[in-house]
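Visitor: The residues making up each chain are set out below.
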Amino acid sequence: MARYIGQRIIYMIITLFLIATISFVLMKLLPGSPLANANKLTEEQQEVIYEKYGLNDPIPVQYANYLGGLVQGDLGISFKYDNRSVSDILGDRIGPSAQLGIQALIIGTVLGILLGLVSAIYHNGITDYLSTIIAVLGTSIPSFVFAGLLQFFVAVKWGILPVATWNGFEYSILPTIALAIFPMATCARFMRTEMIEVLNEDYITTAKAKGLAGSAIIFKHGIRNALIPLITILGPLAVGLLTGTLVIEQIFSVPGIGEQFVTSVNTNDFPIIMGTTMFFAVVFIVMILIIDILYGLIDPRIRLSGKD
Amino acid sequence: MRKTNWLLLALVLVLSSFLAACSGGSSGSGGSGGDGGSGDSAEGSANGEQVFNLLIGDEIPSMDSSLAKDQYGIQWTSEIQEGLYRLAEDGSLAEGIATGDPEVSEDGMTWTFTLRDNAEWENGDPVTAHDFVYAWQRAINPDTGSEYGPYMMGDVIKNATAINQGEMDVEELGVKAVDDYTLEVTLDHPIPYFESLTTFPTFMPLNQKFVEEQGENYALEADNLLSNGPFKMTEWKHGSTMKFEKNDTYWDAENVQLEEINLQVSKDIATGVNLYDTGEVDRAPLTAEFVDSRINDPGYVAIPDMASWYLKLNQNRVGEETPLANINARKAVAQAIDKEGLVNVVLNDGSIVSNGLMPTDFVKGPDGTDFREQNGDLLTYDLEAAKESWTKAKEELGQDEITLEILTGDTDSSTQIVDYIKEQLETNLEGLTIKTMQVPFQQRLDLDTAGDFDIQVSGWGPDYMDPNSFMNLFVTDGENNRMAFSNKEYDSLVEQAGGENATNPEARWQNFLDAEKILLEEAAIAPLWQDGNAFLWSPKVKGVFPNPAGNDFEYKWAYADNAAAESAE
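If you read the sequences in order, they're chains A and B. Residues in the first sequence are numbered from 1 upward in steps of one, following the UniProt record's numbering. Residues in the second sequence are numbered from 1 upward in steps of one, following the UniProt record's numbering.
Don't take every hint at face value.
[What the hints assert, rightly or not] Taking lysine to aspartate or glutamate and the EDC-like style, the derived pairs with C-alpha atoms no more than 20 angstroms apart in a straight line are:
# : chain 1 : residue 1 : chain 2 : residue 2
1 : B       : Lys339    : B       : Asp382
2 : A       : Lys28     : B       : Asp446
3 : A       : Lys52     : B       : Glu216
4 : A       : Lys157    : B       : Asp277
5 : A       : Lys52     : B       : Glu167
6 : B       : Lys237    : A       : Glu170
7 : A       : Lys52     : B       : Asp277
8 : B       : Lys237    : A       : Asp88
[What the hints assert, rightly or not] Here are some chain A residues pointing at chain B (derived, C-beta under 8 angstroms):
#  : residue
9  : Pro31
10 : Ser33
11 : Asn39
12 : Lys40
13 : Thr42
14 : Val48
15 : Lys52
16 : Lys80
17 : Tyr81
18 : Asn83
19 : Asp92
20 : Phe153
21 : Ala155
22 : Val156
23 : Thr165
24 : Pro236
Hints were generated in silico from the structure; no laboratory data involved. Note that the coordinates shown come from a computational prediction; the quantities given were computed from them, not determined experimentally. Every residue gets a Cβ at the ideal spot worked out from N, C-alpha and C, and that includes glycine.
Chain B on its own, in the form it takes in the complex:
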């Protein structure tokens, strides 16, 4: 019995760290935005030893930029390599291997990038347009078996999907080196945010000679990697420690102040806190149960994350209409949950209430207004309205007692969240019975794909900075829809944004605003909260920028202000 309990506990612990590591369906991938930790609150300069000691929640599955598929791989390939651009403060784009802005053809289909001629690989080779062509072809090549290759390039770069399906040769990919320092990209259709995609590891260059020399060993150990970014990996003890050092051959090395980043794998939150308290590490993540006791700690910070959480309300469960096909039933469910209580009591980690799909501070429109601010609160907690809709729904359905099943993960926090939702819905909506179904993450994805649930607690973290990363989720028959939501107007708005309005920023922005309104007027989903990440964060760690998408944090401009740490003590 006792052994079983350990096993359960361990499963919960491991699974929760795994969930955190998973993009998309979970909170981890979104990266973060807003305030740069304690970084920008104090003025300081680099002084003392330029070393950060950080924790990492798991071993890095792959340091191969074509194959990186989780938050850790995406994070650390982004530090040792550099693509055309790099995410800088507040999610802005900084020059990477490309200089200046790309030249875009009038139809928005052909993008020409000029590369700097002073960028070098660690081995002294220049970084050229050919390195990009090789890397992009490699990422989409079916033999490589990349997950993000087809996801990031499919229907983005010309012929990418056909090449991935083995119907075309990789040479047909819409990317070519005009000369050593000019890269020409042909898109599948106009994509106004293409520039921001190029910060993602899948689009980073690779040194063909080096990769081919290494063969099967490429990226397996620190020695089998070749850096062109601000840092290089110098040590990799699998499952335990990793060391990154400043790369002196990096073209912008003079602006890199940090000399060394040490990573320690630690999955246990309490252990991380103890390591922080003894000064072994400079930053430790916190979960809700630690926040209350540490919220007054000088190192406490809560950073908003761009992952948006909501209930998926399934209208047709494996061929059979659910009560949620009734719009009043959906509205009742969406308005009957007190979200303040959820974020303040249950989550308690800096998460904030969400009344729409798009997160706060994620994307700004042509006039600089935040998307969320402009579209406002679309679906809020409103007990009276919920009860009213519920009565109507029951009449229309001709049922007094309704039972719905909620699908969610099997971690501790999933349990607390789903218990709270169940209690709220059953108390506030008379005659409603909620059954909960808690399953491991991979099984949840299976059930999601099959559309086998009534309600699902679901989350989405964006992989690129554009409203499209959220708005294309719920088009009819989309990979993430799987809840039988279908609205012609919504579909056509999202399609317009990607088609005829692609080169018209104002109209495109309006398309997305309108699409979100429809989604929530229809109560297709019930928005719940936007993630927050709480940390204990040493005052000496400065200049680390949280990113809204892609790698969670950017360390290129980071520095250690050891004097600040001393004065804070």
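Extracted from the complex, chain A is given alone in its bound form:
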């Protein structure tokens, strides 16, 4: 196990290096200047400001400087937010995104698994159809529509919860629900399919034949086996949620990292673009590693080993 993880970490570093390089090249290809008022300044005046940003150096030098900083954990200084360090800006933004993401992930997967289970057990009954409808709606209606509806009815019409902004737990409820719909629907559909399949397996028939109680069959044999494929989609889902979803953040005025990323791309704020990309990459890679380890724990048949 230790050897396996060690090997994976080396691969992770190589992957990160490649991501850093590719994003650096792509970023340099972005058209436009990082200045807010390029159209008001002469070329000579622009050069003066580029000097401060280090943009007058040859590209390989910029690249080397960038990698050098990265190795020391220095992500640089933002262009748009003068003199503010990228780590500070990301630090401010990660909290709200992560909180929303974790809340939505827990609620979404728990409810989704329950919904899928109920569907599978009452296969082809009214409950199944109802929960299938919910699942289909959940995956096909974009979350910003849910967000708009939630905001209008729950906050404006009924006045139960705050409309938007970020000032405490109650402010996180509506965005969490809006965010949880998609993972819930996805998990429900997955769980239903897998569970129906598992319930038709021979070993379930065996369990039934030897007289196990219905609940024991479902909990001991059914769920555990149906969960394995679900873990696969949980990884990307979790990354998507933890790294922020800009539309929901925008609608509920949450100071999260998703909308920060888009703003930085639009304003050519190179250090923030790179910092955010690297942050996303690290989260994603670590998440994949965790999922792989989880696999082994849930299904002992999958062996984690450095060599096969």
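Once you've looked at the hints, dock chain B against the given chain A.
Guide: Same frame as chain A, now just chain B:
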């Protein structure tokens, strides 16, 4: 697929808010003018809690007055700091740290300001002439990397350009403290509107001791700021909320009634409207799609903005002459668009038709007449004239089919506007095909700089209150010309206004009037509309003055009339 759609939508949303935040090429920077919202329509007085809760479209990029470069930075540094003068009602100048009028030398080159001796920084230090000298030198210092420093001071203050290029020492800048309360400024050439420039953040004083103590942390958090203005920043949760409170050490604190301004970052217009409806905020901006349903709301106001929008008609695209080098082709394009339809149906936010370059109610001449009123409608929608010019143009060019490309932004509203223009031009001018090219803002600036377009939907918001802020845009090879327009008479008129006529207000005014006439007789640009900003604006918010340039709104004289809000309900 679905994810891509979210991303697109989000990009559009974010970009539109960014566009709004950008000076110059967009609608945001201009500030506003005319009626003070609901402020001056009702008589009222301050009563109840003196607190405003307002929305802000984005995090403030910088609260450092030397570095402020967008509408938010310019707005809020202007509230916590004060320069020589301050913009007051209807864009008039009120005394700031300076008292009385400056003494101007006969050649218009040396300006001497007398400072009040009762102005203090928050920490008790007096505000002196040395604080101005330090701040101005800092803004132009190449190490500071300010955008507005070289833009506002270059070719304005003596030696500013050379200092910014590193060819001279900052001490050589044409500003010096004669004594603690006398500031002497030497200009590069006579600039009659220099007084109004001094309201801009770049020209505000800084407390050298404090700024140097803070070092790299200066202006990064609320604690790293030192106020000498009507308000002070007391809380700054980045990307989320900001709080400004009345600054009791401000020299004119007795005339500041507002105790607190809370800002909430919100980029989504619908969210802003919902926050307004639930009473969380006192003002929310509206876009066209919300105007129809809210126009009868008691809080609805549309405030004219001083940003002017037009088509740039490029005569030479990267070394190759375009059909628009033909004056009849330009006239045809400029007169073939029904602008009424554009402002009423497409924009629908209080924008008005523009038939010139200078906005309405922006600047008044020596005799008090508005520039636009005096110069009248110079280039209007005229279908017959357009068709006639078009036929002539096609003959002269020897072409029956002409294709032109329009460059514009990639936001929702840009799409609607450019679709409308395309439809109008193709319907009204036979044989014309319009291709549209929609790109993100920064890329549009790149293409603009390169002159790589046939037609461009472009806008300009002024940074200071003088006709020059618009008229110098189109001098030959100017930074904003980039459309190969060159007219010797136009150039010489603008040059005269900045040179031999600089100290002669009447002649100078006439120079600008004549220059604008030439610009539009030549159909160098096709004027389209002047921006409006629609808001839901609580009746309790009074005394907020929209500014024609610089900070969008002035809050120094604002107050909350809570009784008015109750009676309006």
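Visitor: For every hint, state whether the structure bears it out.
Guide: Hint-by-hint comparison with the structure:
no., hint, result
1, B:Lys339 - B:Asp382, "holds, 10 angstroms"
2, A:Lys28 - B:Asp446, "holds, 14 angstroms"
3, A:Lys52 - B:Glu216, "holds, 14 angstroms"
4, A:Lys157 - B:Asp277, "holds, 10 angstroms"
5, A:Lys52 - B:Glu167, "holds, 17 angstroms"
6, B:Lys237 - A:Glu170, "holds, 18 angstroms"
7, A:Lys52 - B:Asp277, "violated, 45 angstroms"
8, B:Lys237 - A:Asp88, "holds, 12 angstroms"
9, Pro31, "holds, 4 angstroms"
10, Ser33, "holds, 7 angstroms"
11, Asn39, "holds, 5 angstroms"
12, Lys40, "holds, 5 angstroms"
13, Thr42, "holds, 6 angstroms"
14, Val48, "holds, 5 angstroms"
15, Lys52, "holds, 3 angstroms"
16, Lys80, "holds, 5 angstroms"
17, Tyr81, "holds, 5 angstroms"
18, Asn83, "holds, 6 angstroms"
19, Asp92, "holds, 5 angstroms"
20, Phe153, "violated, 11 angstroms"
21, Ala155, "holds, 7 angstroms"
22, Val156, "holds, 5 angstroms"
23, Thr165, "holds, 6 angstroms"
24, Pro236, "violated, 11 angstroms"
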